[in-house]
Amino acid sequence: MSRATALFITACALTRTTELATHRLGARFFLPRLFVDRFAVLGGIDPAVFTDQLDGCRSFRDEDWAGHWTSIAETHLAAADEALSRLGGPSVEQLFHGAPGELSAALAPAAEVFADRSPAVLARHLAGSTVERDAATAVDNLVKAITYLFAASWPGWSPARLRAYTRSRRLFEVLLFALAQGVAVEKLAIPVDGGDTVHAYAVFPEGTARVPTVLVSNGLEGTVQEVLLPSLAHRPSGLGLVVMEMPGTYSYTRPLSGESENVYRAVIDHLEAHPRVAADRIGMLGVSFGAYWSTRMAAVDRRLRAVVSNGALLHHSFQASATVGMPEIMLWTLAKTTGARHDLGLGRKLKALSLRGRYSHITVPLLVINGDNDTLVSTQDSIDLADAAPRGELVLYPDDDHCAMGHYTEWRALAMSWLTTHLAP
0 MSRATALFIT
10 ACALTRTTEL
20 ATHRLGARFF
30 LPRLFVDRFA
40 VLGGIDPAVF
50 TDQLDGCRSF
60 RDEDWAGHWT
70 SIAETHLAAA
80 DEALSRLGGP
90 SVEQLFHGAP
100 GELSAALAPA
110 AEVFADRSPA
120 VLARHLAGST
130 VERDAATAVD
140 NLVKAITYLF
150 AASWPGWSPA
160 RLRAYTRSRR
170 LFEVLLFALA
180 QGVAVEKLAI
190 PVDGGDTVHA
200 YAVFPEGTAR
210 VPTVLVSNGL
220 EGTVQEVLLP
230 SLAHRPSGLG
240 LVVMEMPGTY
250 SYTRPLSGES
260 ENVYRAVIDH
270 LEAHPRVAAD
280 RIGMLGVSFG
290 AYWSTRMAAV
300 DRRLRAVVSN
310 GALLHHSFQA
320 SATVGMPEIM
330 LWTLAKTTGA
340 RHDLGLGRKL
350 KALSLRGRYS
360 HITVPLLVIN
370 GDNDTLVSTQ
380 DSIDLADAAP
390 RGELVLYPDD
400 DHCAMGHYTE
410 WRALAMSWLT
420 THLAP
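The numbering of the sequence shown is numbering that gives the first Met the number 0, which starts it at 0 and goes up by one.
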């Protein structure tokens with residue numbers, strides 16, 4: 000992003016004219032380049048196709064934005080419905096509202112497509128028997144619908160977006176329990192102080208043994224399905240994963256603050272007592288704003304034995320200068336998430352989150368990941384953290400942006416291998 004573009008986006012944010020400019024320039028102008036990558040990777044969507052669809056969106060207003068992406072999701076739901084009908088399985092409507100007991104059997108021939116979104120896997124199943132082809136068509140279109148409904152819900156906090164979030168998460172949950180193979184899946188509801196409940200999903204190896212387990216938390220506007228779906232294909236066989244969304248987002252009622260540390264502590268308490276978790280081998284992986292929390296918890300909770308922080312916002316990213324070039328929709332989301340009522344209040348709340356003085360408190364192995372050209376937050380935060388943490392390691396992917404989305408497969412494999420090594424008995 001050029002300096003002139005960043006200043007223009009900031010000027011639109013300050014004057015509340017982003018919506019007017021979006022009618023002319025399109026939504027893509029105001030979004031970071033990784034926006035396309037994250038949804039394309041999740042849904043197995045051609046990035047060029049998703050870019051064209053994004054170019055067709057000319058408003059961030061709730062009904063307009065959510066309606067644009069929901070209409071695309073509906074085309075994939077219709078295609079899935081036709082394939083399910085040919086297979087004699089439940090309808091899409093039943094997936095949203097019923098208990099589709101026949102779904103596992105109907106989609107079993109292409110269950111691999113759910114976890115592995117690579118084009119080669121889909122093509123192989125589409126070239127199979129009629130039944131296998133229909134199953135692959137149904138699974139692929141259902142995952143694409145989950146993805147487009149997630150896009151419709153981005154970045155949360157408004158009525159139409161939250162309705163799309165509920166549908167995306169419901170559809171994902173149905174498919175997760177129906178199609179996850181070789182693992183035991185569990186839905187967790189963990190009450191925390193203040194009346195909120197953490198709704199998380201756990202994936203363990205089959206059996207009853209206690210295993211090393213990694214708590215995964217994503218960022219400001221990420222969802223469980225965005226993190227867990229790709230993890231099914233990249234999770235080492237002996238590792239448990241528990242995936243939660245960041246406090247202050249989507250399904251939570253209380254705003255994000257320093258006290259949200261207690262939410263993560265309550266989840267770690269729950270994991271420590273879980274019959275499938277090896278309590279002395281708990282790790283944490285955070286992505287984007289979730290990496291703030293993996294870093295913070297590594298500094299304050301000695302039960303974590305190894306931590307990965309990818310794309311962390313830690314200090315520089317919370318300064319006023321870091322918001323230059325940040326679109327109004329993201330500033331609005333930050334304000335909603337933190338409970339800030341105005342720009343000055345948001346600035347104070349973000350500065351209060353700085354972790355600069357805590358890096359040296361992290362005594363466990365810490366893997367810090369990012370792209371070397373993060374256009375959303377400050378890469379310097381990642382560099383400073385790895386330098387100051389006694390056992391910090393830094394991996395910056397060249398010519399890549401926030402959270403190294405252009406090297407998603409590489410960093411994901413590295414993180415899982417690294418955690419497996421450091422959480423071994």
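You may find that some hints are simply not true.
Keeping only pairs whose Cα atoms sit at most 35 angstroms apart, straight-line, the calculated DSBU-like set for lysine-lysine is [to be verified]:
1. Lys335 <-> Lys348
2. Lys335 <-> Lys350
3. Lys335 <-> Lys186
Here are the in silico distance ranges between beta carbons for each label pair [claimed, not checked]:
4. Thr165 <-> Ser84: 47 to 55 angstroms
5. Arg23 <-> Thr50: 35 to 43 angstroms
6. Ala77 <-> Pro274: 41 to 49 angstroms
7. Glu271 <-> Gln180: 34 to 42 angstroms
8. Ala119 <-> Leu13: 43 to 51 angstroms
9. Arg15 <-> Arg253: 36 to 44 angstroms
10. Thr362 <-> Ala107: 20 to 28 angstroms
11. Pro274 <-> Ala387: 46 to 54 angstroms
12. His360 <-> Ser90: 33 to 41 angstroms
13. Arg209 <-> His360: 23 to 31 angstroms
14. Glu260 <-> Leu13: 29 to 37 angstroms
15. Gly127 <-> Gly194: 31 to 39 angstroms
16. Thr14 <-> Pro274: 39 to 47 angstroms
These aren't lab readings, by the way, just hints derived from the structure by calculation. Note that the coordinates shown come from a computational prediction; the quantities given were computed from them, not determined experimentally. Where a beta carbon is used, it is the ideal one built from N, C-alpha and C, also for glycine.
Structure-based check of each hint:
1. With a CA separation close to 12 angstroms, the supplied pair lysine 335 and lysine 348 stays within the 35 angstroms bound.
2. Proximity of lysine 335 to lysine 350 is assessed by CA-CA distance (about 16 angstroms); at most 35 angstroms being required, the pair is judged to hold.
3. Restraint check for lysine 335 and lysine 186: the C-alpha separation of about 27 angstroms stays at or below 35 angstroms, so the hint holds.
4. For the hinted restraint 47 to 55 angstroms between threonine 165 and serine 84, the CB-CB distance of approximately 25 angstroms leaves it violated.
5. For arginine 23 and threonine 50, the hinted distance range of 35 to 43 angstroms is not satisfied, since their beta carbons lie about 18 angstroms from each other.
6. Range check, alanine 77 to proline 274: Cβ separation about 42 angstroms, and the 41 to 49 angstroms hint holds.
7. Roughly 28 angstroms separates the CB atoms of glutamate 271 and glutamine 180, a value that falls outside the hinted 34 to 42 angstroms.
8. In this structure, alanine 119 and leucine 13 meet the distance hint of 43 to 51 angstroms, their C-beta atoms being roughly 47 angstroms apart.
9. At about 27 angstroms, the beta-carbon gap between arginine 15 and arginine 253 misses the expected band of 36 to 44 angstroms.
10. Between threonine 362 and alanine 107 the beta carbon distance is about 46 angstroms. The supplied range of 20 to 28 angstroms is therefore violated.
11. The given range of 46 to 54 angstroms is broken by proline 274 and alanine 387, whose C-beta atoms sit roughly 37 angstroms from each other.
12. Taken as a hint, the range 33 to 41 angstroms is violated for the pair histidine 360 and serine 90, whose Cβ atoms sit roughly 54 angstroms apart.
13. At roughly 28 angstroms, the beta-carbon separation of arginine 209 and histidine 360 lies within the given 23 to 31 angstroms, and the hint holds.
14. Our hint of 29 to 37 angstroms for glutamate 260 and leucine 13 holds, since their Cβ atoms are close to 32 angstroms apart.
15. One distance hint, 31 to 39 angstroms for the beta-carbon pair glycine 127 and glycine 194, is violated here, with the actual separation near 50 angstroms.
16. In this structure, threonine 14 and proline 274 break the distance hint of 39 to 47 angstroms, their C-beta atoms being roughly 56 angstroms apart.
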